[in-house]
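Could you put the whole structure together from the sequences, leaning on the hints where they help?
Read top to bottom, the protein sequences are chains A and B. Under the numbering used here, the first residue of the first sequence is numbered 321, with each subsequent residue one higher. Under the numbering used here, the first residue of the second sequence is numbered 321, with each subsequent residue one higher.
Calculated from the structure, these hints are not laboratory results. A few of these clues could be false.
A pair counts as met if it fits within one copy or between any two copies, since identical chains are not told apart.
[What the hints assert, rightly or not] Straight-line C-alpha distance at most 27 Å; calculated BS3-like pairs for lysine-lysine:
1. K530 x K575
2. K533 x K575
3. K457 x K474
4. K332 x K366
5. K422 x K595
6. K334 x K379
7. K595 x K573
8. K459 x K437
9. K599 x K422
10. K422 x K366
11. K595 x K379
12. K533 x K470
13. K366 x K334
14. K459 x K499
15. K379 x K332
16. K503 x K474
17. K422 x K401
18. K470 x K457
19. K350 x K444
20. K599 x K379
21. K522 x K575
22. K575 x K599
23. K573 x K379
24. K595 x K366
Protein chains: 2
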Amino acid sequence: MSSELWFTEYNKNKNFGMTFKVRQYLFHEKTKYQTIDIFDTFEYGKVLVLDGMVMLTEKDEFVYHEMLVHVPINSILNHGKEPKRILVIGGGDGGAVKEIIKYPFIEQIDLCEIDEKVVEYSLKYLNPISSSLEDEKVKIIIEDGREFIKKCNKNTYDVVCVDSTEPNNISLFDIEFYKNISKILNQNGVVTVQVGSYVFHKNLLEEINKIFKSVFSINKLYSANVSSYPSGVWYFAYGSNSVGAIISSEFVKTKELYYNGEIHNASFVLPTYIKEILK
Amino acid sequence: MSSELWFTEYNKNKNFGMTFKVRQYLFHEKTKYQTIDIFDTFEYGKVLVLDGMVMLTEKDEFVYHEMLVHVPINSILNHGKEPKRILVIGGGDGGAVKEIIKYPFIEQIDLCEIDEKVVEYSLKYLNPISSSLEDEKVKIIIEDGREFIKKCNKNTYDVVCVDSTEPNNISLFDIEFYKNISKILNQNGVVTVQVGSYVFHKNLLEEINKIFKSVFSINKLYSANVSSYPSGVWYFAYGSNSVGAIISSEFVKTKELYYNGEIHNASFVLPTYIKEILK
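Below, the structure is given as structure tokens:
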């Protein structure tokens, strides 16, 4: 009988976990900011793990990245505008950029990642997910996103996607941060942010919902089915001061593996128990 | 350091699992048909496990049972009829009956469960989920569902809910079975069946989709977010020969913890990669 290697991601209370059988342990490093692990798993392919939490898997990263990116871009298209400049905060693995780059009208993608090692090792181990990071439209800024946005000019970006490391880190989720994002967004701008699972990050969902209500006149939550994340359902927050989240889905030209015009609108429909709490 | 007890449900390939920390191991029995375990877990409360697979948890059984039951009933109401007689195949834990019993116009609920031990131990350990099984409208038949439906008269039921043990057991999912269900359904009848996760039971989804296409003129798949089931997203099949699945959601009077009129319609919207395969 040969030995078996398993990686388990536990919830905060350490009483539930998702466990992946590992084919090969590719890489481990403790950087200035976090631990980075990359495993090759039998069921989900390569998996990027930061501080013990699954950030992406080859098998289903498309769901998460498509929904973070195509929802704001298509909302702006539906509003009659073409987004040109996009900021990704976090996202050093390149998955979000891979989706953004699909739109030829997008001229500039700034990616502000705090940990240069995430970019370095994603380029080395996570091709082709990461390969768009080398596109000439992409500018990589290695800096704390909170500091970077303070220095940006007003009305710089059409879309800001907050693809932060992990939702237990409350630091990216304070009201100051989103007020600054609101400033650097254009008039017809949209911000989206990954928030977490309702089952395991209920307080965070409630907190971000309050912040978005106070900062953005249009504020919504939407969800996607990311089976490798705890609970399998991941929530995102949508904020804008002019661009509606619900679109004429029949005019959506984009058809991705997960995302389509109908999914766009359906993803904003919430189960009663979540809707009530977020009122 | 004290010892810890964990229960893990693995996928078929035994390379991915969901693991629950157990507060108390309540019960184990090997019956004529399967093994039954009931655990009290820290995160999900009491958990019923049949043949190693989670059937329900106290924390989120409502999602699964609401979506199995309220979708067909509200589709028929939207169609202008009131369902009176309902058959549940499987469902010995009583969770589906608990939802059906909420509608005062329903006159008779027949529950056909193969394993009397599931009923017995659910009544003993899983109150109040199971307590509706003792309602006077409910008739419990201990028999193999496949045999039972062969003996039923034509046009007996308005709704049939197939709440079978587990989707790896192909036996409940053959075309003969659904042809017989089609016969015992009224003109304005609907059948729903739990199918499984797209990630882990892809072939089953494709198979049931083919069967429903050949047996029911109206055939759809819909989904719900059941976080304690593998992948977190569970699919159901909907079949009818006259009752449409998409409803006027604004007229839905029922508002459950998960189910509401908007969720009803949104649950039928499929991600592109699933839609394409099921064409």
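These are the hints, each one checked on the structure:
no. : hint        : result
1   : K530 x K575 : between (32 Å within a copy, 24 Å between copies)
2   : K533 x K575 : between (30 Å within a copy, 25 Å between copies)
3   : K457 x K474 : within (21 Å within a copy, 66 Å between copies)
4   : K332 x K366 : both (24 Å within a copy, 20 Å between copies)
5   : K422 x K595 : between (33 Å within a copy, 22 Å between copies)
6   : K334 x K379 : both (25 Å within a copy, 17 Å between copies)
7   : K595 x K573 : between (30 Å within a copy, 16 Å between copies)
8   : K459 x K437 : within (16 Å within a copy, 63 Å between copies)
9   : K599 x K422 : between (36 Å within a copy, 26 Å between copies)
10  : K422 x K366 : within (23 Å within a copy, 47 Å between copies)
11  : K595 x K379 : between (30 Å within a copy, 18 Å between copies)
12  : K533 x K470 : within (21 Å within a copy, 57 Å between copies)
13  : K366 x K334 : both (24 Å within a copy, 17 Å between copies)
14  : K459 x K499 : within (24 Å within a copy, 60 Å between copies)
15  : K379 x K332 : both (24 Å within a copy, 17 Å between copies)
16  : K503 x K474 : within (5 Å within a copy, 66 Å between copies)
17  : K422 x K401 : within (17 Å within a copy, 48 Å between copies)
18  : K470 x K457 : within (23 Å within a copy, 65 Å between copies)
19  : K350 x K444 : within (17 Å within a copy, 51 Å between copies)
20  : K599 x K379 : between (35 Å within a copy, 22 Å between copies)
21  : K522 x K575 : between (31 Å within a copy, 21 Å between copies)
22  : K575 x K599 : between (32 Å within a copy, 16 Å between copies)
23  : K573 x K379 : within (25 Å within a copy, 40 Å between copies)
24  : K595 x K366 : between (35 Å within a copy, 26 Å between copies)
When the structure is compared with the earlier hints, no violation turns up for any of them.
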